[in-house]
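**Student:** Using the sequences and the hints, build the whole thing.
So the sequences go chain by chain: A and B. Heads up, the first sequence is in my numbering, so the first residue is 10 and it goes up one at a time. Heads up, the second sequence is in my numbering, so the first residue is 82 and it goes up one at a time.
Everything labelled a hint here was simulated from the structure, so no lab data went into it. In this text, a Cβ means the ideal position worked out from N, Cα and C, and glycines have one as well. Some hints here could point you the wrong way.
Quick list of the computed label-pair ranges, beta carbon to beta carbon [said to hold, decoys possible]:
no., chain 1, residue 1, chain 2, residue 2, range
1, B, L179, A, T262, 34 to 44 Å
2, B, L179, A, L137, 33 to 43 Å
3, B, P148, A, P94, 42 to 52 Å
4, B, R313, A, F39, 43 to 53 Å
5, B, I186, A, V102, 37 to 47 Å
6, A, R148, B, V163, 24 to 34 Å
7, A, T162, B, L195, 52 to 62 Å
8, B, L182, A, N176, 34 to 44 Å
9, A, S31, B, F374, 23 to 33 Å
Residue-level listing of the chains:
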Amino acid sequence: MSTATTAPVPAAAAQDSPTILSARGVTMRFGGLTAVNKVDMTVHEGEIVGLIGPNGAGKTTFFNCLTGLYKPTEGEVWLAGAELPPKPREVVVAGMARTFQNIRLFANMTALENVMVGRYCRTSSGPLTSILRGPKFRREEEATRARAQELLTFVGLGGKGEHLARNLPYGDQRRLEIARALATDPKVVLLDEPTAGMNPRETEECKDLIFKIRDNGMAVVVIEHDMKFIFNLCDRVLCLVRGELLVEGDPGTVQSDPRVVEAYIGGSELDDEEDEH
Amino acid sequence: MDLLQQLVNGLTLGSLYALIAVGYTVVYGIVQLINFAHGEVFMIGAFGGLTTYLALFQGTTAWWTLPIMLVGAVAASVLTAVVMERVAYRPLRSAPRLAPLITAIGISVFLQELVRLFYGKIPGLPDAKSRLPFPRIDGVTGPAFSIGGLDFQRPALFTMGSLAVCAAFLWWFINRTKQGRAMQAVSQDPDTARLMGIDVDRIIVTAFALGAALAAIAGVAQGLQNNNIDFRMGFMAGLKAFTAAVLGGIGNVAGAVVGGLTLGVVEALASQLGPTAWKDVWAFGLLILVLVFRPQGIMGARVVDRA
Numbered sequence: 010m011s012t013a014t015t016a017p018v019p020a021a022a023a024q025d026s027p028t029i030l031s032a033r034g035v036t037m038r039f040g041g042l043t044a045v046n047k048v049d050m051t052v053h054e055g056e057i058v059g060l061i062g063p064n065g066a067g068k069t070t071f072f073n074c075l076t077g078l079y080k081p082t083e084g085e086v087w088l089a090g091a092e093l094p095p096k097p098r099e100v101v102v103a104g105m106a107r108t109f110q111n112i113r114l115f116a117n118m119t120a121l122e123n124v125m126v127g128r129y130c131r132t133s134s135g136p137l138t139s140i141l142r143g144p145k146f147r148r149e150e151e152a153t154r155a156r157a158q159e160l161l162t163f164v165g166l167g168g169k170g171e172h173l174a175r176n177l178p179y180g181d182q183r184r185l186e187i188a189r190a191l192a193t194d195p196k197v198v199l200l201d202e203p204t205a206g207m208n209p210r211e212t213e214e215c216k217d218l219i220f221k222i223r224d225n226g227m228a229v230v231v232i233e234h235d236m237k238f239i240f241n242l243c244d245r246v247l248c249l250v251r252g253e254l255l256v257e258g259d260p261g262t263v264q265s266d267p268r269v270v271e272a273y274i275g276g277s278e279l280d281d282e283e284d285e286h
Numbered sequence: 082m083d084l085l086q087q088l089v090n091g092l093t094l095g096s097l098y099a100l101i102a103v104g105y106t107v108v109y110g111i112v113q114l115i116n117f118a119h120g121e122v123f124m125i126g127a128f129g130g131l132t133t134y135l136a137l138f139q140g141t142t143a144w145w146t147l148p149i150m151l152v153g154a155v156a157a158s159v160l161t162a163v164v165m166e167r168v169a170y171r172p173l174r175s176a177p178r179l180a181p182l183i184t185a186i187g188i189s190v191f192l193q194e195l196v197r198l199f200y201g202k203i204p205g206l207p208d209a210k211s212r213l214p215f216p217r218i219d220g221v222t223g224p225a226f227s228i229g230g231l232d233f234q235r236p237a238l239f240t241m242g243s244l245a246v247c248a249a250f251l252w253w254f255i256n257r258t259k260q261g262r263a264m265q266a267v268s269q270d271p272d273t274a275r276l277m278g279i280d281v282d283r284i285i286v287t288a289f290a291l292g293a294a295l296a297a298i299a300g301v302a303q304g305l306q307n308n309n310i311d312f313r314m315g316f317m318a319g320l321k322a323f324t325a326a327v328l329g330g331i332g333n334v335a336g337a338v339v340g341g342l343t344l345g346v347v348e349a350l351a352s353q354l355g356p357t358a359w360k361d362v363w364a365f366g367l368l369i370l371v372l373v374f375r376p377q378g379i380m381g382a383r384v385v386d387r388a
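**Tutor:** Next up, the structure:
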């Protein structure tokens with residue numbers, strides 16, 4: 010991976026570019042529990058947006074609403090000028106990809122195959138084409154393999170394509186998930202705690218990787234607990250508390266906002282794992 | 082020598098079981114459903130082959146009719162399986178697991194009766210209430226080969242050859258095509274697969290179709306071996322193939338092949354060493370032993386990965 014650190018694009022510049030993703034009044038209730046309450050979020054092209062908040066604030070639930078895993082009780086989500094389709098598969102086709110807080114790789118497939126699975130929705134040969142091994146099938150298979158290898162190299166796993174996903178070290182698994190998400194040619198990438206369980210060096214590499222993704226023209230939304238990481242990375246930060254949007258602004262503003270400080274100190278940052286599923 | 086001959090017979094029988102067992106295992110690996118109507122898909126394959134022959138080639142025995150019969154058989158089975166999945170199983174995808182199981186038994190009875198009552202009603206086709214003779218084809222029926230004192234029946238060679246070709250094809254399909262990779266992904270984690278843009282419904286249909294195609298080939302092979310077919314042929318064959326799938330490790334494609342061959346050999350050896358009527362006792366006895374002592378099967382129950 011390249012070690013040249015790219016500086017964040019000045020927040021103002023990114024915010025001038027067109028909107029790629031916007032959530033309006035997204036609300037998610039489970040029975041009597043309101044997990045996400047009227048959250049608005051706008052992401053511009055080429056922007057890195059951070060989503061922070063204490064455990065149980067509804068960050069992952071919000072992500073699930075954005076990816077079609079949950080159908081929001083109220084509110085709507087627009088991606089690239091169209092309302093989000095209802096099925097997760099269609100959301101991916103529309104250009105949104107994600108990673109998971111608890112890694113969800115296809116454990117018994119190789120790293121390369123995991124990334125190739127991500128290409129599924131961007132290739133068009135059907136089962137019959139595959140069985141008959143037409144020239145189109147061969148061309149597509151080759152292109153898929155080449156693109157997957159390229160993405161592995163992009164995230165720094167170039168030499169590990171043949172390893173089974175479950176045998177990779179933790180940090181590599183996180184990066185593999187990112188490569189698999191990128192394989193779907195997304196316009197927006199949602200990263201759910203990409204540095205969880207990483208050591209400081211890996212965290213630093215992860216930051217560079219996210220800049221690289223942004224430099225390739227994608228918008229990135231990141232959930233993180235590591236404040237230093239978020240404030241060095243993002244153009245804009247949103248802080249959720251108890252399902253509601255508490256503060257939104259550039260890293261400096263959010264960092265020094267007394268309500269954010271209070272939410273964290275008064276909150277329950279002690280337990281590391283949050284489970285919002 | 083008798084033992085070796087029984088081994089050959091056993092491998093023949095086992096190849097047939099293996100071809101059918103793959104259908105149980107592939108579907109189970111993807112949707113965790115035991116499709117008990119799969120034996121009937123096999124039966125319909127045999128009837129599809131026969132129908133193709135009667136419609137197009139009645140009277141000839143030329144070898145080239147066989148590939149076309151196989152195409153007809155595969156088409157009939159695949160259509161049956163795909164419609165079955167769409168009409169009967171898909172609406173029950175999120176129902177308790179007992180519901181699709183009972184449905185499967187219902188479909189099984191339905192398909193048997195459908196063939197029994199209505200096959201003969203189609204103009205030009207014989208009544209299927211009793212056994213129907215299966216056509217004889219040059220090259221794959223006729224005198225057995227004798228090699229070193231062992232008899233190799235021609236249909237038996239066809240069956241074993243089919244298994245070899247199908248197993249190789251299946252390995253290639255699962256590991257080297259995008260649909261195969263998607264099948265592995267769905268069987269390991271359907272929700273994540275969906276979130277990665279895979280059309281899970283389509284993959285499930287593909288799995289049903291794949292199993293049905295192999296069962297259809299087995300149906301034709303069985304017809305050639307026994308010289309006749311009947312609407313009940315799917316019941317015992319399906320049960321045995323299910324046993325084979327569990328024996329090898331349900332969900333594991335390689336296991337289905339190993340389990341099928343093992344079961345065939347055990348049955349054949351059992352008829353050599355004891356009364357033939359007891360062969361089913363040995364077969365299902367083996368199933369019970371495996372379920373008690375190695376419930377994951379010989380190769381380990383798995384999803385359809387690393388086939």
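**Student:** A separate judgement is required for each hint: does it hold in the structure or not?
**Tutor:** Cross-check of the supplied hints:
A hinted range of 34 to 44 Å for the beta carbons of L179 of chain B and T262 of chain A is inconsistent with their spacing of about 57 Å. For the hinted restraint 33 to 43 Å between L179 of chain B and L137 of chain A, the CB-CB distance of approximately 35 Å keeps it satisfied. Separation of P148 of chain B from P94 of chain A is about 43 Å and conforms to the stated range, judged on CB atoms against 42 to 52 Å. One distance hint, 43 to 53 Å for the beta-carbon pair R313 of chain B and F39 of chain A, holds here, with the actual separation near 51 Å.
A C-beta distance of roughly 38 Å is found between I186 of chain B and V102 of chain A, which places it inside the suggested range of 37 to 47 Å. As the Cβ distance of R148 of chain A to V163 of chain B is approximately 28 Å, the hint placing it in 24 to 34 Å holds. Checked against the hint of 52 to 62 Å, the pair T162 of chain A and L195 of chain B passes, with Cβ atoms roughly 56 Å apart. At about 36 Å, the CB distance of L182 of chain B to N176 of chain A agrees with the hint of 34 to 44 Å.
Here the CB-CB span from S31 of chain A to F374 of chain B is close to 59 Å, at odds with the stated 23 to 33 Å.
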